[in-house]
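Q: Each chain is listed here by its residues.
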Amino acid sequence: MNKQMTASEVVAQLEDGMTVGIGGWGPRRKPMALVREILRSGLKDLTIVSYGGADVGMLCAAGKVKKVVFAFVSLDFIPLEPYFRQARQSGSIEVMEIDEGMMLLGLRAASWGIPFIPTEVGLGTDVITQNPDIKVIDSPYDDKEWVAMPALKLDASLIHADKADVRGVCQIAGPDHYMDDWFARAAAKTFVSCDELVESEYFHDPAQARMVHWERSMTTGVVPIAGGAHPTSCSPLYGFDVAHFKAYAASAKGEGGFNDYIQQYLGASEQEYQSNVGGLDAICAIELPTY
Amino acid sequence: MTAAAEYTLAELCIVAASKSFADEGEVLGTGIGVVPRLAASLAMKTTNPDLMMTDSEAWMLSEPNPIGSRAADFVPSTESWMGFSRIFDNVWSRKRHAMLGPTQIDKFGQSNTSALGGSYDKPKTMMLGARGFPGNSISHPNSFFIPGHNTRVFKEGECDFVSSVGYNPARLPKGHSLDDIDIRLVITNLCVMDFGGPDHQIQLVSLHPGVTAEEVQQNTGYPVHIPAEVPTTEAPTQEQLDIIMALDPHNQRAHQILDNPPGNRS
Chain A
0 MNKQMTASEV VAQLEDGMTV GIGGWGPRRK PMALVREILR SGLKDLTIVS
50 YGGADVGMLC AAGKVKKVVF AFVSLDFIPL EPYFRQARQS GSIEVMEIDE
100 GMMLLGLRAA SWGIPFIPTE VGLGTDVITQ NPDIKVIDSP YDDKEWVAMP
150 ALKLDASLIH ADKADVRGVC QIAGPDHYMD DWFARAAAKT FVSCDELVES
200 EYFHDPAQAR MVHWERSMTT GVVPIAGGAH PTSCSPLYGF DVAHFKAYAA
250 SAKGEGGFND YIQQYLGASE QEYQSNVGGL DAICAIELPT Y
Chain V
0 MTAAAEYTLA ELCIVAASKS FADEGEVLGT GIGVVPRLAA SLAMKTTNPD
50 LMMTDSEAWM LSEPNPIGSR AADFVPSTES WMGFSRIFDN VWSRKRHAML
100 GPTQIDKFGQ SNTSALGGSY DKPKTMMLGA RGFPGNSISH PNSFFIPGHN
150 TRVFKEGECD FVSSVGYNPA RLPKGHSLDD IDIRLVITNL CVMDFGGPDH
200 QIQLVSLHPG VTAEEVQQNT GYPVHIPAEV PTTEAPTQEQ LDIIMALDPH
250 NQRAHQILDN PPGNRS
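Respectively, the protein sequence lines represent chains A and V.
Be aware that the first sequence starts at 0, since it is given in numbering that gives the first Met the number 0, and climbs by one per residue.
Be aware that the second sequence starts at 0, since it is given in numbering that gives the first Met the number 0, and climbs by one per residue.
Calculated from the structure, these hints are not laboratory results.
Beta carbons are placed, not taken as given, at the ideal position from N, Cα and C, and that holds for glycine.
Check the hints yourself; a few may be wrong.
Unchecked claim - Just some of the chain A residues that point at chain V, by a computed CB distance under 7 Å: (1) G90; (2) D125; (3) D175; (4) C283; (5) E286.
Kindly produce the complete structure, drawing on both the sequences and the hints.
A: This is how it looks when you write it as structure tokens:
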């Protein structure tokens, strides 16, 4: 089955009001080209589930978001995401603020088709008091109370991988695939942008196949976009763009705000975007971060 | 070992904080931020060679990595994969001790990383979010590092948002006891504290050289238990300073406490 499609074909499959999971972590390996295609679209009222970075900030700034399900939204070296901050401080979005591990459990519950997973995580904290929809329940097996972390069912997930074939076999060769396998499983449809489209034979080498973290039946569409994670990193191919993130954060303090950022960089297509940020060669030359 | 003649306050804090990890045995030591990471790394190099550590990305190391850019031929001593999803398996197995720097810590030891002021729907200042604090605090021991000890951090009343559980009877989950909660050391630019006072009250463990108990109390928004005898925080030895220097060759520790003061302010 050939699952290759374009970014605009992905966005055409999304609808107003959908719950959309976004893979990656903070400033790392985010499907930013797909996020940019949403910015160019008329989509609105989305619920975003993400280990958030500029993906969440940009979608909030562009008025695409009704609700964010998050444990953090951060650019790491710029700890506070500027536009998420504005959205929270102006009270313009609803939130479900949970622990990082609770998000993982919610994705697992959705993946496995069960309504919740019991956990201690969240007990005694404001992630429970501020989320009346998250129930605390008695156990049939002991005298303790437990958080019933509800399934985080996703209408769609957006993920960026290093390599993929047209059948949806996706490889993440960087050191961490984060929770992307669970985002792929928890969603009704999973769309994966990739830096490189490869022939299926590429995976005949077990060392390459070992870096495939979910089976292809979980992948709905594959969108080849070299440099598609920019300005986030796609280890081992390129790091995150520190200068670009600084300009992005600075735009939030300017009078024109996100509109200035959009005007300067977004463009009508990914090709235009890449030329606005210095071209694909420049993206691929960005050094990997040292932790 | 004799104390070094000169050392910075950051180095004093690193050595004091490393004691958190000394008796933990074979657990994952997670230090978020330069001072906590150096504290865990120092413990692994000296008092607790069994400590486990990651490269802050996705690999477990048998030797801590120096902080910052490293020589092109540097080879990390990787021993296993440890991506973020596996970190939660570790957290929930309780084999971990984390040291973190929240924005607020209240009298119960509850901490806040999420938002300040205003209302929850419209906070005055949005910060990071709850991150992994709820899970850390109910699953394994935690310590805190606070580079600027003042009444905004150690605030009167409860935290604006409770990210991590503390010794608060009103929030104690059914079937749990306050003794299930395990907050260890609180290291600040003024002193070392813990929650070992009467009824889990915060108490002074040691004062940094030149700091008085009155200063600590003035900068804390709730009563600090002050034992009859409060020792001075132990000065680093030259051996410890040499290890810290090797672990932080770019001297990032000099930028962690305002104006990088000397360790001895008497």
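Q: Take the hints in turn and mark each one as holding or not.
A: Cross-check of the supplied hints:
This hint holds: A:G90 has a C-beta 3 Å from the nearest C-beta of chain V, less than the 7 Å allowed. With its C-beta approaching chain V no nearer than about 4 Å, A:D125 sits inside the 7 Å limit, and its interface hint holds. Because the beta carbon of A:D175 sits about 4 Å from the nearest beta carbon in chain V, less than 7 Å, this interface hint is met. Taken as an interface hint, A:C283 does not check out: its beta carbon lies about 19 Å from the nearest beta carbon of chain V, beyond 7 Å.
This hint is violated: A:E286 has a C-beta 10 Å from the nearest C-beta of chain V, more than the 7 Å allowed.
Going through the hint list in order, the structure does not satisfy hints 4, 5.
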